[in-house]
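Kindly generate the complete structure, drawing on both the sequences and the hints.
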Amino acid sequence: MKPPKFSYLAPESVKNAIAMKQELGENARYIAGGQSLVPMMNFRVAAPSALIDLNGLTELSKVSLSSDSALNIGALTRTRRLENDPKITGAHPLLAAAARHIAHAQIRNRGTIGGSIAHADPAAELPGIVLACDAEIELQGPRGFRTVHAVDFFESVFTTALEEGELLLNIKFPRWPKDRKWGFQEVSRREGDYALVGIAAWFDLDATSSISACGLSAIGAADTPVRLTKSEAALLGSVPSLPLFEKAAAEVTADIDPFDDVHASAIYRCEVAAALAIRTLTEAWERDT
Amino acid sequence: MSERLKISLNVNNDTHACEIDARMTLADCLREKLDLTGTHLGCEHGVCGACTVLADGVSIRSCLIFAVQAQGMKITTVEGLAKDGELSPLQEAFHDNHALQCGFCTPGMLTTAEALLTENPAPTRREVESAISGNICRCTGYISIVDAIIDAAERRRQGPP
Ligand SMILES: Cc1cc2nc3c(=O)[nH]c(=O)nc-3n(C[C@H](O)[C@H](O)[C@H](O)COP(=O)(O)OP(=O)(O)OC[C@H]3O[C@@H](n4cnc5c(N)ncnc54)[C@H](O)[C@@H]3O)c2cc1C
Ligand code: FES
Ligand code: FES
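Going down the list, the protein sequences come from chains A and B.
Residues 1 to 289 (my numbering) are what the first sequence spells out, left to right.
Residues 1 to 161 (my numbering) are what the second sequence spells out, left to right.
Below, a list of computed lysine-lysine pairs in the PhoX-like style, where the Cα atoms sit at most 25 Å apart:
id, chain 1, residue 1, chain 2, residue 2
1, B, K33, B, K83
2, B, K33, B, K6
3, A, K5, B, K6
4, B, K6, A, K2
5, B, K74, A, K62
6, A, K2, B, K33
7, B, K33, A, K5
To be clear, the hints were calculated from the coordinates, so they are not data collected in a lab.
In this text, all values refer to a predicted model and were calculated from it rather than measured experimentally.
What follows is the structure in structure tokens.
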């Protein structure tokens, strides 16, 4: 269908964009890549009175490493750049690998990291990566600047900690050690479809080859992306092995709460999540870094 | 407050001025205002790929961007692929490999493949399949489409275009 009528505004700065949103109120929406918002408008499940277009805000598409080696990715950075820009693929290979699973090239050429995180589809890849990696989400709103940790950001389906008028500015990924082990696996019905279930995992090894730190998350397995803390506890302090991964995978269902839909039952999603956890950890373990 | 907007678009190296509502998608603007009906609309929500055009050389869905947002971009539609009335090597390869039947998906397949071959002049079959994974064809069965794109890659490497 065709979208309902709206007025169109193209701010030239973040300050300007927030002021417009404040003036126009709740029925106005920010638009970034438009790859989730425009389909919703064409279906008429969304009918904003005004669109405030973020695409002119070049200040939001900066990518940089800070002095503590954290990777800063501006909210307007296109998904395609996450998979192709050596500055990102080198500094955060897990993020790049997950980005390749999102939709199709034509959609990744427009869609943005900020849009994906603000949209908060529970099956979306980038929210899962942000969560597994303890990223910080930087926001600017009518009441100023604040930082929200990924664990506190995703509240429910399409619902986040973003308050009225707040704009996602930047995502800050903590330093990624060169020899970190990582994996990402998902099951979807066709290439480019949203994941039925997906698992992201990374771990670091200490001098005794034991797991000294790790992060695991699941997508498509609850009403938000979920951190698999029980699996993480099972891994910490032990030397990687297939039996250890199986033990960690057996804990996955304790943290997830999947649903039935036309594509798969909750039971199927639980089984796939556990199987993917083993595969993802094995992928990580076998990786030469 | 949804006044008419005066915009200017660069499409296939020509500048076009038109007056539109903000809610007009680039796809509708191309078809209805500029009479460029080669760009097809299947689903209008991003899943079929028929509406794919090039924006500054990269492939995008023209049903998921508003015309007003495309100002300042260099848009190429399927009409812009042929040069001086001669089919491009990619278009010839589609013709020679029977890579279309009804032709509805073809504009999207061609623009998507054009972007792929510009980025990756020698793709594998797997890479071609992945590149057209967002383009649905209800007739041809994809095999001859993949054949055509592989063949086009070869023709382009042998040049001249
Ligand atoms: C056919 C199809 C398949 C897809 N498959 C997948 C998939 O497999 N995995 C996946 O993860 N995604 C998928 N997507 C969605 C795609 O990744 C979107 O690009 C993404 O969800 C939203 O990013 P965007 O920049 O396009 O945001 P938009 O559509 O512009 O915006 C989405 C929402 O976020 C808000 N917003 C955007 N930017 C900001 C900001 N900086 N600050 C505050 N709010 C903001 C908007 O107001 C809106 O509510 C698919 C889309 C399509 C059409
Ligand atoms: S019409 Fe745009 S993707 Fe189907
Ligand atoms: S040729 Fe008919 S849809 Fe592809």
